[in-house]
Amino acid sequence: MSSLYIHIPFCLSKCPYCSFVSYPGMDKLHQRYVAALLLEAQWLHQNASVSPLSTLFLGGGTPTIFSGRELAQLVSCCQELFAFSDQAEISIEANPKTINPEKLSLLRHSGINRLSIGVQSFNDKELQLLGRPHSAEDAAEAVQLARAAGFDNISLDLMYGLPGQDHYSWQQTLEQAISIAPDHLSLYELTVEQGTPYHLQRNQGLLDLPDEENMVIMDQLTATLCRQAGLAQYEISNYARPGYECRHNINYWQNGPYLALGAGAVGCVDGRRRQKTCDPRHYCEQIESGQSVVQEEECLERTASFRETVVMGLRMTCGVSKIQLQQRYEMDLDDYYGDTLIHLVNQGLVEITASHLRLTARGRSFANQVMAELV
Amino acid sequence: MKHIRNFSIIAHIDHGKSTLADRMIQLCNQVSVREFKDQMLDNMDIERERGITIKSQTICLPYTAKDGKTYELNLVDTPGHVDFSYEVSRALSSCEGALLLVDAAQGVQAQTLANLYLAMENNLEIIPVINKIDLQSAEPEKVAEQIEDDLGLDRDHIQLCSAKTGKGVDDILEAIVKFLPPPKGDPVSELQALIFDAHYDAFRGTIISCRLINGTIKAGEMIKFMSNNATYKVEEVGLFRGVSKEPQKQLSAGQIGYILAGIKTISDTRPGDTITHKDRPCAQALAGFKMVQQVVFSSIYPISTDDYENLATAIEKLQLNDAALTYQKDSSVALGFGFRCGFLGLLHLEVVQERLEREFDISLILTVPSVKYNFYLNDDSMVEVDNPAHFPDPSKVSRVEEPYIKATILMPERYMGVVMALCMERRGDNTHYHYPMPGRIELTCELPLAEVIYDFYDKLKSATQGYGSFDYSLYDYRKSDLVKLDILVNGELVDALSQLVHRVNSRARGLHACEQLQREIPRQMFKIAIQAAIGGSIVARTTISALRKDVIAKCYGGDISRKRKLLEKQKAGKKRMKTVGNVEIPQKAFLAVLKSEQ
Chain C
0 MSSLYIHIPF CLSKCPYCSF VSYPGMDKLH QRYVAALLLE AQWLHQNASV
50 SPLSTLFLGG GTPTIFSGRE LAQLVSCCQE LFAFSDQAEI SIEANPKTIN
100 PEKLSLLRHS GINRLSIGVQ SFNDKELQLL GRPHSAEDAA EAVQLARAAG
150 FDNISLDLMY GLPGQDHYSW QQTLEQAISI APDHLSLYEL TVEQGTPYHL
200 QRNQGLLDLP DEENMVIMDQ LTATLCRQAG LAQYEISNYA RPGYECRHNI
250 NYWQNGPYLA LGAGAVGCVD GRRRQKTCDP RHYCEQIESG QSVVQEEECL
300 ERTASFRETV VMGLRMTCGV SKIQLQQRYE MDLDDYYGDT LIHLVNQGLV
350 EITASHLRLT ARGRSFANQV MAELV
Chain S
0 MKHIRNFSII AHIDHGKSTL ADRMIQLCNQ VSVREFKDQM LDNMDIERER
50 GITIKSQTIC LPYTAKDGKT YELNLVDTPG HVDFSYEVSR ALSSCEGALL
100 LVDAAQGVQA QTLANLYLAM ENNLEIIPVI NKIDLQSAEP EKVAEQIEDD
150 LGLDRDHIQL CSAKTGKGVD DILEAIVKFL PPPKGDPVSE LQALIFDAHY
200 DAFRGTIISC RLINGTIKAG EMIKFMSNNA TYKVEEVGLF RGVSKEPQKQ
250 LSAGQIGYIL AGIKTISDTR PGDTITHKDR PCAQALAGFK MVQQVVFSSI
300 YPISTDDYEN LATAIEKLQL NDAALTYQKD SSVALGFGFR CGFLGLLHLE
350 VVQERLEREF DISLILTVPS VKYNFYLNDD SMVEVDNPAH FPDPSKVSRV
400 EEPYIKATIL MPERYMGVVM ALCMERRGDN THYHYPMPGR IELTCELPLA
450 EVIYDFYDKL KSATQGYGSF DYSLYDYRKS DLVKLDILVN GELVDALSQL
500 VHRVNSRARG LHACEQLQRE IPRQMFKIAI QAAIGGSIVA RTTISALRKD
550 VIAKCYGGDI SRKRKLLEKQ KAGKKRMKTV GNVEIPQKAF LAVLKSEQ
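From first to last, the protein sequence lines stand for chains C and S. Read in order, the letters of the first sequence are residues 0 to 374 in numbering that gives the first Met the number 0. Read in order, the letters of the second sequence are residues 0 to 597 in numbering that gives the first Met the number 0.
Honestly, I wouldn't trust all of these hints.
Subject to a maximum C-alpha distance of 25 Å in a straight line, what follows is the list of computed DSS-like cross-link-like pairs (lysine-lysine) [said to hold, decoys possible]:
id, chain 1, residue 1, chain 2, residue 2
1, S, 183, S, 289
2, C, 321, S, 570
3, S, 183, S, 1
4, C, 96, S, 553
5, S, 248, S, 183
6, C, 321, S, 553
7, S, 526, S, 570
8, S, 553, C, 13
9, C, 13, C, 102
10, S, 483, S, 587
11, C, 124, S, 553
12, S, 587, S, 574
13, S, 587, S, 458
14, S, 564, C, 321
15, S, 548, S, 570
16, S, 248, S, 232
17, S, 568, S, 587
18, S, 328, S, 371
To list a few chain C residues with every Cβ distance to chain S over 12 Å, as calculated [claimed, not checked]:
id, residue
19, 79
20, 86
21, 163
22, 170
23, 318
24, 324
25, 352
Because the hints were derived from the structure by calculation, they are not lab data. Think of the CB as a built atom: it goes at the ideal place given N, C-alpha and C, for glycine as much as any other residue.
Excised from the complex, chain S in its bound form:
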């Protein structure tokens, strides 16, 4: 155990976490040149394309230190977005230390702080690392001061590196061995293993990533999940080596590795849960376990109703690898059968949508995302509503509450004015600020979650020219004045476009939706009226004039193939449209309603 170091890298998005991981992997010769690709630990296409980490990944690096001894370094790569902060906290609690990576040009950002707090809550030893020192705009001295003065970390421990060029990375490995404590734990006591992630493999079932806190585990043993008392027989245990898994005779206290136990559904494996032996259970579960909470809800429909079965299969498969996604059947008059899904946040929603479209080749329509509201009825009962379709009869409602978050925004001082204005515009409350470091403001604000999931992050980014960063946690429920905004196309209610909005914003949202639809619905052979309504009254209206002609003038022998392809393209476009009444509405019109005004 003396030769094990479990650590994680925490950083603000784009500060170079994945690149640093890549360099460490290369330095420890864990991946051949042929196998190596950038962002080694980001398996999904979306992760690579967006440069973000969605799933945790673990890799075990054998490192021979300057003292001549070989250490087992377990690097746990964590997701880097506020949507996934619970996952991050579980991954962190499997480690004894963390590298706090800070961009030498950008300095400390909101997520740097948020992640540092998380790491501190988990009692991790921190090694500050200043990355991107090769940049012209790098100010390592200034950032080092921030780290010492503002974060209160020991300046002597700061490591300088350029993950891009590889400079300084060997020193970091040495510092990990030297400064991070080895894991504690008792290999002979009862088994206590922390689940911090799980992946689904079509051939082998669920692969659990776990940290052994106490005890040992080996193939053949019966194990039990403490949150739901489910029992399984262990088929294999092992370590993550490079791109592959390396089976071991056993895993023992202090180690990070994987467990295969013939688990068919990933939703049974909950991050934060404790694994113990069935016959010799530990006295109590590890602290910190929470059921994952979905905060954003949206319905997913296939554009072609024929695709419903495919969608059902696809969501089921996707959920195998994404336990944070919840779904249940839903139906819409306009769109037919689909699924009401719960997500951790908007990014999570986008990721799910992209994966369904990309990996399963299904064209989808998503309804306007909603948060979960509490409706208190006249008889004092309470119903939770996250779907406009279930909006209760207003005459029976005594009051409504909506979820609020506590947002933490870190930004250079000069943006204070615009950001304050943005928060106020979004019904922000109880704003406080302080200067965690000179020239930078940390603003805390209580905001309705519904306002944040809409477009808050985009607005914040543009208001602060990219310098503002943002983190949030659910806070409480507060009284709200909620209305259901409906959209009618040629007089027909398109239920999939209904949304729950605060009364204050309802007219503007209605007009916005009408304008977006006007822009995105192509002209058709008749005039189309688009209306937004609350209750029975119309609050906004736009019209799309009728198409008068649509014909290819010229088509001779040499044109046939090309013109046919144009028609086929037009046909494919029609396929991506949903017919409501007699109006064809393209998929992007549904999406446009979700987008904020530019």
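So that you can see chain C by itself, here it is in the shape it has in the complex:
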């Protein structure tokens, strides 16, 4: 199994909670950036032996800030350079404000078969507070257009725990999302990341975030509504109709290898995780002059990698496979953790089945407490 991630670090505007590598403006750089991506793809093709790709993910930023033609070119270029396995999953992230029927049609025809729409909320007031450039109606329309263009695997991104939000509001958003029958939902509790305007506001006491009691109610609502809608939780923040789980992301949680192209993108091959330079301009210059864009590299020793794989795997509802760990690391989960694991089982935070170690429902609420013991 092989995966490729392509990062498009541009956006219409920067949202106040966003800590991703993404820059508003820089319109003049877009074309040059696409060219640089193609160059880097060629370099990758020549220097790395890549087995057929089973997943490709165009993420951002807002990939759909590019024209349909540019994106289609990018996908077809990858298809020419790298072999794709049958039924490969090719995803793209989209902002409702940046799509139209023609663009969607171009994308679908280029081979993209999964669309992840960044909706965040179906409440216009909340959308405004989040600094999103689209309305709730735009989002609903985007889904219709995507269906019309032939997308039969559509995911929506929503956030909860927003400033000023109560659980009634979240319930409305979630019900509305479910009513348009998405195949997949990513439901994220807002995380106030360092370096974002939200972080500053929170430190100044200006961010009116829901209290923990409300968050717990929202979590319970989420579980109930998704279950009723036939969307099964398969990861801490992800829900899908059976068979529509995102294979690209599952590969991350299994701590599998993945290639990456683009500024700020992170790839992990042969146990080496490399992050590329975040500044798109610098990225272009380096690529054009044939120089390395690697900014940071990390290579964990075997036991540290083992622990990371366990922790990442626990994010998934099915947990981490003991047999796969044994095969990959020649290490036994129970032996390695010993009493630590027994203690977690006794606290009702994890359970050990014949084949897997996984979080219990209670453990999912305290995932960090469990992971901090096992990391």
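Start from chain C and add chain S according to the hints.
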């Protein structure tokens, strides 16, 4: 001997003692530019960081005076904190003179006086030096008046300098040669050498700093310590030159130098003790020797019980260089095995804690510091108790006595009211005051030592906006009404948090401890009750609500490393916590209980 001058610099903290020493060292070309660093004589990181001197240091400076002759100037740098006043007095008694350093802006302070008295007790010739004359706020004229009128020192001898810029420092060196007397002593009589400090060197064993009063000493001779009759063979003697030691054929009366004699444990070398020859001993030991007295006691535990052996080794090593530290095994239900340690004061305690954590990389928990109480039992026997764990059954106790100190506080007149109030609040007694100089009050007060070790000095500093200074000496033991305050976390007694307190303060202390713990213990997956109890009754209570969730929402390819590091940080935080019952208590919660309310 005519060309030797032994002197010390005495000063209030921050009046520039170490800087002046630095300049003298540079003027006498004792250290190359490459080797030179600020606070030359402060070897330890903690000394440099805090700008205080903890261990005495000695340096021998060859100085060619204006009369064309070369003198051997021995500078003995002494510690500058009340915790170490005995060490200071021993260092002073190895000298004939002292520079009394006074800050040109701040004038005479409590420690200036205390140290001056010490110097006078040791019959030292004093040269007053006004430092920091380069400061804008400097008032050298006014300070000179203080020195003449209030301290009774000769104004004509006052030297003005700026240790920072180096101005006036050469005149000081000249004054040392001119005004300080050379040492007296008889090189041919029996050996009498005063130990005033000792350092431990991993390769060479104990390095004794000593002053030869009478006689001579050289390698190969058998020596004897008069306090314990221990005998050793001298391996090497020499002088302290710059950063290194310079071996000599012999040391002779009047000189200050070092002795190496294969001494493995520093606790055998007691400051104030007299060294003499085994075969030709002197008639009597030098006066002034006292066994060092520990006044503050606390137990030290490793956070991880696996670290016990490491801690044992570390304390042992640390004590090699710090004879004032005492320790013995201790154990706690909550914390496992550790050591009960005795310290000279709170600063000493902090220094030991920092050195253990820093130099030996062990995370520690310290229990609430205690003084030594005398418990008189119904059968009229007396037990000394410095550990809450050994609190006797109250029904068997007829009375308790606690140590009192005599505190001397020097401050500008305007703070008299707040300082008096502070002393009263701390159960102060027998307060007297007088004006040693216009506008300044010297307040003496008898205070329970237990109140002083808690946070008295911090409170005094803030009450007087930094202008109050403080010195104390142990005074006597007085009747007290003592109770044992226990802390329970989720119903479990955390013995390491127990403290002995006066009944009057017990409820407030209990509440304070509960509040501090509430602040410092992170929420956990269940509710936590924190209670303070005396005997069987609860006197204070706080609760920590349960944590409801703790989860990272988002983690994809680009996040893995960063999120893993967050988890590793959380894990490291857990490692620094002590699990009591099922509650994880962080190290800083233990420390917070020791701290006073802000």
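Structure-based check of each hint:
no.	hint	verdict
1	S:183 with S:289	holds, 24 Å
2	C:321 with S:570	holds, 23 Å
3	S:183 with S:1	holds, 9 Å
4	C:96 with S:553	holds, 24 Å
5	S:248 with S:183	holds, 21 Å
6	C:321 with S:553	holds, 24 Å
7	S:526 with S:570	holds, 21 Å
8	S:553 with C:13	holds, 19 Å
9	C:13 with C:102	holds, 23 Å
10	S:483 with S:587	holds, 22 Å
11	C:124 with S:553	holds, 24 Å
12	S:587 with S:574	holds, 13 Å
13	S:587 with S:458	holds, 21 Å
14	S:564 with C:321	holds, 24 Å
15	S:548 with S:570	holds, 17 Å
16	S:248 with S:232	holds, 15 Å
17	S:568 with S:587	holds, 16 Å
18	S:328 with S:371	holds, 17 Å
19	79	holds, 24 Å
20	86	holds, 21 Å
21	163	holds, 19 Å
22	170	holds, 18 Å
23	318	holds, 15 Å
24	324	holds, 17 Å
25	352	holds, 21 Å
Going through the hint list in order, the structure satisfies each hint without exception.
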